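Novice: Residue numbers (our numbering), protein chains in the order written: chain Y, 1 to 254; chain B, 1 to 262.
No lab work stands behind these hints, which were simulated from the structure alone.
There's no promise every hint is true.
[Stated by the list, open to error] For lysine-lysine, the following BS3-like pairs were computed, each having C-alpha atoms within a straight-line distance of at most 30 angstroms:
1) K41(B) x K72(B)
2) K160(Y) x K115(B)
3) K41(B) x K160(Y)
4) K91(B) x K87(Y)
5) K72(B) x K122(B)
6) K247(Y) x K122(B)
7) K91(B) x K160(Y)
8) K232(B) x K72(B)
9) K32(B) x K92(B)
10) K19(B) x K247(Y)
On a predicted model such as this, the values are computed, not experimentally measured, just so you know.
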Amino acid sequence: MKKMTFDFRPWAIPFILIIVWEVVVQMEIVSPALFPSPITIITTGWNLTINGDLTTHIGVSLGRALTGMLIGGAIGFALGVLNGLSKNCYHYLDTTIQMIRNIPHLALIPLVIVWMGIGEDAKIFLVVLGVLFPIYVNTFHGIRNVDPNLVEMGRMYNLKGWQLFRHVLLPGALPSIFVGLRYALGVMWLTLIIAETIPTQAGLGYLATNAREFMQTDIIILSIVIYALLGKLADVIAQFGENRALKWNASYNK
Amino acid sequence: MKHEPIQIDIQNLQKSFGKKEILHDITTTFKKGEFVAVIGKSGSGKSTLLRLVASLEEITQGDLLFDGVPAKNSDANVKMMYQDSRLLPWKKVIDNVGLGLTGNWSALAEEALDKVGLLHLKDEWPSTLSGGQKQRVALARALIHEPSLLMLDEPLSALDALTRIEMQNLIELIWQKNNFTALLVTHDVSEAVRLADRIILIEDGSIAFDEPIAVPRPRKLTNPLLIELEEKILNRLMNGREIATLNEKQLAVSPLNLVVNP
Numbered sequence: 001m002k003k004m005t006f007d008f009r010p011w012a013i014p015f016i017l018i019i020v021w022e023v024v025v026q027m028e029i030v031s032p033a034l035f036p037s038p039i040t041i042i043t044t045g046w047n048l049t050i051n052g053d054l055t056t057h058i059g060v061s062l063g064r065a066l067t068g069m070l071i072g073g074a075i076g077f078a079l080g081v082l083n084g085l086s087k088n089c090y091h092y093l094d095t096t097i098q099m100i101r102n103i104p105h106l107a108l109i110p111l112v113i114v115w116m117g118i119g120e121d122a123k124i125f126l127v128v129l130g131v132l133f134p135i136y137v138n139t140f141h142g143i144r145n146v147d148p149n150l151v152e153m154g155r156m157y158n159l160k161g162w163q164l165f166r167h168v169l170l171p172g173a174l175p176s177i178f179v180g181l182r183y184a185l186g187v188m189w190l191t192l193i194i195a196e197t198i199p200t201q202a203g204l205g206y207l208a209t210n211a212r213e214f215m216q217t218d219i220i221i222l223s224i225v226i227y228a229l230l231g232k233l234a235d236v237i238a239q240f241g242e243n244r245a246l247k248w249n250a251s252y253n254k
Numbered sequence: 001m002k003h004e005p006i007q008i009d010i011q012n013l014q015k016s017f018g019k020k021e022i023l024h025d026i027t028t029t030f031k032k033g034e035f036v037a038v039i040g041k042s043g044s045g046k047s048t049l050l051r052l053v054a055s056l057e058e059i060t061q062g063d064l065l066f067d068g069v070p071a072k073n074s075d076a077n078v079k080m081m082y083q084d085s086r087l088l089p090w091k092k093v094i095d096n097v098g099l100g101l102t103g104n105w106s107a108l109a110e111e112a113l114d115k116v117g118l119l120h121l122k123d124e125w126p127s128t129l130s131g132g133q134k135q136r137v138a139l140a141r142a143l144i145h146e147p148s149l150l151m152l153d154e155p156l157s158a159l160d161a162l163t164r165i166e167m168q169n170l171i172e173l174i175w176q177k178n179n180f181t182a183l184l185v186t187h188d189v190s191e192a193v194r195l196a197d198r199i200i201l202i203e204d205g206s207i208a209f210d211e212p213i214a215v216p217r218p219r220k221l222t223n224p225l226l227i228e229l230e231e232k233i234l235n236r237l238m239n240g241r242e243i244a245t246l247n248e249k250q251l252a253v254s255p256l257n258l259v260v261n262p
């Protein structure tokens with residue numbers, strides 16, 4: 001059994017950086033107005049948490065991120081499975097998907113604004129577009145690369161259709177699908193940061209953009225730090241799921 | 001589905017991959033409950049013959065009958081044991097054994113694992129098992145379906161010599177206790193001689209040699225009849241070269257080392 005001890009090593013560098021930053025600001029080597037000290041940012045964060053602003057904005061951003069992730073992930077997964085299983089579907093769909101994939105989705109922002117306006121739809125649409133392809137590509141390759149010998153064995157042992165998919169193909173593709181998921185989570189935050197600079201009334205992006213108008217650098221940096229923490233949190237959750245689902249795989253058995 | 005051994009009739013069977021002919025003029029009958037070993041050098045077509053009988057490949061020409069019915073229309077229960085056990089790495093041992101079963105199968109799976117002596121490993125991942133243990137699990141997985149025909153595609157060739165003897169005994173025991181026709185493909189002549197009622201030698205895509213082994217079981221590899229037979233087959237395989245220089249004494253000392261073209 002693994003003991004649940006806290007491993008300080010990953011956090012050593014961030015911690016030292018924060019200390020150096022605080023010292024530099026305290027010594028007034030840089031202007032505190034442009035470069036607020038960590039303590040100022042923590043205080044601001046605390047105040048915004050107390051008055052409820054921060055939780056509202058984080059909630060709105062998380063809502064957008066997860067909605068986009070769910071829709072995009074579902075579409076990407078479905079297409080990946082479909083093309084992985086059916087040669088015919090692959091021949092009809094893959095070229096089109098690859099062409100769309102190669103358009104940087106953020107380049108579509110002007111068009112998306114014209115088509116969908118500046119509401120929630122536009123932001124979620126961009127996230128969907130961003131996360132769809134990593135999930136698609138990795139699901140597809142995962143399914144295609146399942147050992148054909150295991151598939152043959154499964155058929156010989158009476159597995160057909162859904163049963164074959166559930167017991168052989170899906171578990172075999174899972175390591176690859178998780179790679180896609182973790183990559184997609186990164187794209188999800190990136191897309192959201194950009195998408196939330198489209199005028200809006202709530203969300204972390206709004207918080208930062210709004211703060212810029214009033215030169216509130218502490219709030220800007222606070223939003224960036226929160227993005228970083230949320231990104232890390234999402235990755236930790238994905239990793240946890242990965243370790244649970246792939247216990248059988250020796251390389252995950254640490 | 002019936003759980004009785006089946007008779008297999010192969011008539012004028014021919015198999016080609018593209019223009020390359022792999023098997024031709026194969027006509028033979030495997031009787032109900034018979035243990036047949038198919039031997040041959042690598043590339044002789046012996047594995048293709050097995051895959052044809054398992055309906056994993058299409059027959060180019062000829063007929064394959066299970067109890068008189070074309071194999072395609074037969075509901076005979078055919079199961080295969082592979083050289084590379086092919087356990088699903090993401091399922092625990094017991095779930096691998098129960099693969100493809102419906103209903104409440106856990107008691108059956110435990111019984112099957114018990115038969116191969118691995119009940120205590122039922123909650124392990126396959127990656128933690130040794131090669132011999134994996135093959136035992138694969139054997140249990142095949143047995144639980146009570147096959148009418150069990151095909152063994154070089155199931156022991158990746159195992160060490162001691163484990164191999166152990167597994168040969170186990171396979172023989174299980175074949176004797178359970179009613180099924182067994183078809184073993186191997187390149188280990190002593191294994192074929194040890195286990196089979198009948199040996200078929202495939203050479204250049206056709207049956208070169210078909211010999212019953214009338215030695216009573218349990219067999220000992222030191223039995224002079226078996227040694228003589230083994231030497232005869234090896235001689236045939238090597239076209240009389242190489243092996244002819246070995247005398248009987250050497251063969252008697254280490255018959256296990258004689259693996260043709262591993």
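Novice: What are the numbers of the hints the structure violates, in ascending order?
Specialist: Hints 3, 5, 8, 9 and 10 not satisfied by this model.
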